[in-house]
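Q: Given next are the chains, with one letter for each unit.
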Amino acid sequence: MLRLKRTPLPRHAYLCRLGVLLLLLVGASALHAQEGFKTETSSGVSNIRIAVADFKPASADPQTSAFKHTFDSTLYADLANAGIFDIVSKSLLPQATPGAPAEIRIQQWADAPTSAAMVVFGNFGVQANRITCNGFLFDAKNLQYPQVLAKQYNEDATDDSARQIAHRFADEIIFRLSGGSQGIAESKIFYVKLTGADKEIWQMDYDGANQHPLTHLGTVSLSPRISPDNSRLAFSSLGRDGFQIRMFSLVLNRMVNFSAAGGTNLSPAWSPNGKDLAYSSSRSGDPEIWISDTSGGSSRRVTSFRGPDVSPVFNPRSGSQIAWISGRTNLPQLYVMDTDGSNVQRMTDGGYATSPSWSPNGQFLTFAWDRKYGPGAPGGQDIYVMEIATKRWIQLTHDGGRCDFPSWSPDGRHIVYANSPDGRATHMKIMTMLADGTQKHELTGAGADMPNWSWK
Amino acid sequence: MLHGLIAAAILGWAFLFHTRGHDWGENASNAGAIQATMVSSLPLPPTQRTLDTGVLTSEAPSPAPVITKERTEPPPTPNEIAIPEKITKPIKEAEKPTPAPPKHIQPVTPPPTKAVTGETAGVRIAQSTLELKNGTASVSVEDRTFGQRFAYYVNIVNSKVAQNWYTAEADPRTSIGKSTTIIFDINREGVPSNARIETPSGSPSLDLSAMRAVQRVDGFGPLPQGDHITVEYTFHLHPQ
Chain C
1 MLRLKRTPLP
11 RHAYLCRLGV
21 LLLLLVGASA
31 LHAQEGFKTE
41 TSSGVSNIRI
51 AVADFKPASA
61 DPQTSAFKHT
71 FDSTLYADLA
81 NAGIFDIVSK
91 SLLPQATPGA
101 PAEIRIQQWA
111 DAPTSAAMVV
121 FGNFGVQANR
131 ITCNGFLFDA
141 KNLQYPQVLA
151 KQYNEDATDD
161 SARQIAHRFA
171 DEIIFRLSGG
181 SQGIAESKIF
191 YVKLTGADKE
201 IWQMDYDGAN
211 QHPLTHLGTV
221 SLSPRISPDN
231 SRLAFSSLGR
241 DGFQIRMFSL
251 VLNRMVNFSA
261 AGGTNLSPAW
271 SPNGKDLAYS
281 SSRSGDPEIW
291 ISDTSGGSSR
301 RVTSFRGPDV
311 SPVFNPRSGS
321 QIAWISGRTN
331 LPQLYVMDTD
341 GSNVQRMTDG
351 GYATSPSWSP
361 NGQFLTFAWD
371 RKYGPGAPGG
381 QDIYVMEIAT
391 KRWIQLTHDG
401 GRCDFPSWSP
411 DGRHIVYANS
421 PDGRATHMKI
431 MTMLADGTQK
441 HELTGAGADM
451 PNWSWK
Chain L
1 MLHGLIAAAI
11 LGWAFLFHTR
21 GHDWGENASN
31 AGAIQATMVS
41 SLPLPPTQRT
51 LDTGVLTSEA
61 PSPAPVITKE
71 RTEPPPTPNE
81 IAIPEKITKP
91 IKEAEKPTPA
101 PPKHIQPVTP
111 PPTKAVTGET
121 AGVRIAQSTL
131 ELKNGTASVS
141 VEDRTFGQRF
151 AYYVNIVNSK
161 VAQNWYTAEA
171 DPRTSIGKST
181 TIIFDINREG
191 VPSNARIETP
201 SGSPSLDLSA
211 MRAVQRVDGF
221 GPLPQGDHIT
231 VEYTFHLHPQ
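From first to last, the protein sequence lines stand for chains C and L. All the letters of the first sequence, read from the start, carry residue numbers 1 to 456 under the UniProt record's numbering. All the letters of the second sequence, read from the start, carry residue numbers 1 to 240 under the UniProt record's numbering.
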């Protein structure tokens, strides 16, 4: 996020060196520090150097080893993917495997070559078909009071729960060390899976594990959108009346009612309070943005302009703005308006823009954009991020083939998107990256499309 | 007759006296010794040297002055004339300390498990400095208890605000070298509030950029202890 914000700074930014002095005190009594020690590091401000030790096996159960391996690798991957840590390579860790606070010699981890600022360690055992796990987070620079976090978990002994424990513990660590933003290790990604001629809605964990289908409608279902409370999934599906908005309840694990309307209804979007659904509907002849409640009632039209209006998305911070794609000036462009249809503002100045997604803090929009659209034009469809206040943008993907359907993660640090290296729709796969375009990696194989990251 | 008489007298005289013995080079025992002497050894005075440089006294003729023909110089090629170098003062260099050779890693003896009298605790992080990408940030904590116990939280506050400070917002013409101090409260949930300027820098743009840095932060994460804390944060803009 920092890099995103800094990118468009004026040129003289590099001229300035910044120095910051922070004085922290409880109460408002005396305001000037009289004494204190000074230490210096060169570890960089953005990333905390964290060492993740393999957990110590706490029981002799034969299952321990396999589950512990799942746990260790998941925890390591979660922290490495968080985007806020500089993770210490396992080869640089001390030989010892501490399992409890009494067993760790914190200085060993603070010294080179580990040079960790934070150490994660603990023990992991299986007893009586239950996983018992104790996890600790220690501040290696603070020898006197090193403990930051201690957690205890007790779950059924399955591979999935070993992974879930690791996700939960990783989220706790990220929450403490990121300065208050929730981790995403427990978040889910919903996407369209190409199964033969049909397209069904599938679900997976944020790291690509645990992929499984949700719907079995035997038709073409598109653009899944999860509700803010993770209870319902809205999507558009091809049925007897053409494309209609459908609703699937993850709580009941079955389809629930959403009133059908005339015309083609596409690309639903949840309002952040979970009470409204915006979508594109052509019931009046021209595809326009409509807003209705979660069962399809009390629908009202927001846009009225000749040309298609599709792909709405609410501002998740305020809920009072909608970004969407409009073709009112020929090629589809990105627009922003208030939810009552006023204050329409065009964001892109040309090309072919599609599928916007709003960052959780409301500051940025990400969207797919073919900036030089036309026969023989250079470039292709790539993922862009635009700062709404200034309309300055940066390109996140380059030369990776066609990219589409970006979706922000709940922490605002990651973007998931669909990518097809050769441009063919059947070769679409889901990729994830940090919101500055680094650390791209695949989550699925070919045949997955239209990812949507859950709100939490 | 007279001439005849004179001639006859001469002839007659010569005739009369020409048999007077062998006088010169005669191989006779009474011949006198002849001493031959080398010429160089003659004690003659040396020839007087004359003044050579004098025109009148010199034996060598003075050379005629050489009159060379006037030539036109070809114009210099551009790279022939060296541009005069700027006179620079020699740069004084401080003596570099020779780096100590890397020490061999010594086996560390484990610290004693029993506390010894007078043993000090670990490093107390009441104040710390973070090296930023483009400068340094230092944290100092007055409340030693909070600072020691939750040093990681202090670092998070420090780095989070520093991340959100856009130095480009401060006008470098007026702000460089100045510092401003902002005071704000962090509540139990970690949300900063009530930011106000404690010490203005004199540059309004620097004050504003510092205020915005604090206001941009949504939260630092819940406080590990206590109800609220008050933070004094000094922003200092260094010249590059």
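A hint or two may mislead.
To be verified - Pair ranges (Cβ atoms, derived): (1) S73(C) / D218(L): 24 to 34 Å; (2) T98(L) / D111(C): 16 to 26 Å; (3) P101(L) / Q144(C): 31 to 41 Å; (4) R328(C) / G226(L): 49 to 59 Å; (5) A100(L) / T97(C): 31 to 41 Å; (6) S205(L) / A389(C): 41 to 51 Å.
To be verified - Facing chain C, a subset of chain L residues (Cβ under 8 Å, in silico): (7) G12; (8) W13; (9) F15; (10) E85; (11) R149; (12) I156; (13) K160; (14) S193; (15) A195; (16) G219; (17) G221.
Since the hints were made in silico from the structure, they are not lab data. Ideal Cβ placement from N, Cα and C applies to all residues, glycine included.
Q: So, as I understand it, the hint says G221(L) touches chain C; can you test that by seeing if any CB pair is closer than 8 Å?
A: holds, 4 Å
Q: Does K160(L) meet its interface restraint, that is, does its C-beta lie within less than 8 Å of any C-beta in chain C?
A: holds, 5 Å
Q: Under the criterion of a CB-CB separation shorter than 8 Å, is I156(L) in contact with chain C as hinted?
A: holds, 5 Å
Q: With 8 Å as the cut and Cβ atoms as the points, is G219(L) at the interface with chain C?
A: holds, 4 Å
Q: Hint E85(L) vs chain C: min CB-CB distance below 8 Å?
A: violated, 30 Å
Q: Between T98(L) and D111(C), is the Cβ distance one that fits in 16 to 26 Å?
A: Holds, since T98(L) and D111(C) (Cβ atoms, about 25 Å apart) stay within the stated range.
Q: Taking 8 Å as the limit, does the beta-carbon of F15(L) come near enough to a beta-carbon in chain C?
A: Since the shortest Cβ distance to chain C is 140 Å, the answer is violated.
Q: Does A195(L) pass the interface check with chain C, least Cβ-Cβ distance below 8 Å?
A: Result: violated, 13 Å to nearest chain C Cβ.
Q: When the nearest CB of chain C is found for S193(L), is that gap smaller than 8 Å?
A: With a closest approach of 13 Å, the S193(L) hint is violated.
Q: Is 24 to 34 Å respected by the C-beta to C-beta distance linking S73(C) and D218(L)?
A: The hint (24 to 34 Å, Cβ to Cβ) holds, given that S73(C) and D218(L) are roughly 32 Å apart.
Q: Hint G12(L) vs chain C: min CB-CB distance below 8 Å?
A: violated, 142 Å
Q: Would you say the C-beta atoms of P101(L) and Q144(C) sit inside 31 to 41 Å of each other?
A: This hint holds: roughly 34 Å between Cβ atoms.
Violated hints for the displayed structure, listed by number in ascending order: 6, 7, 8, 9, 10, 14 and 15.
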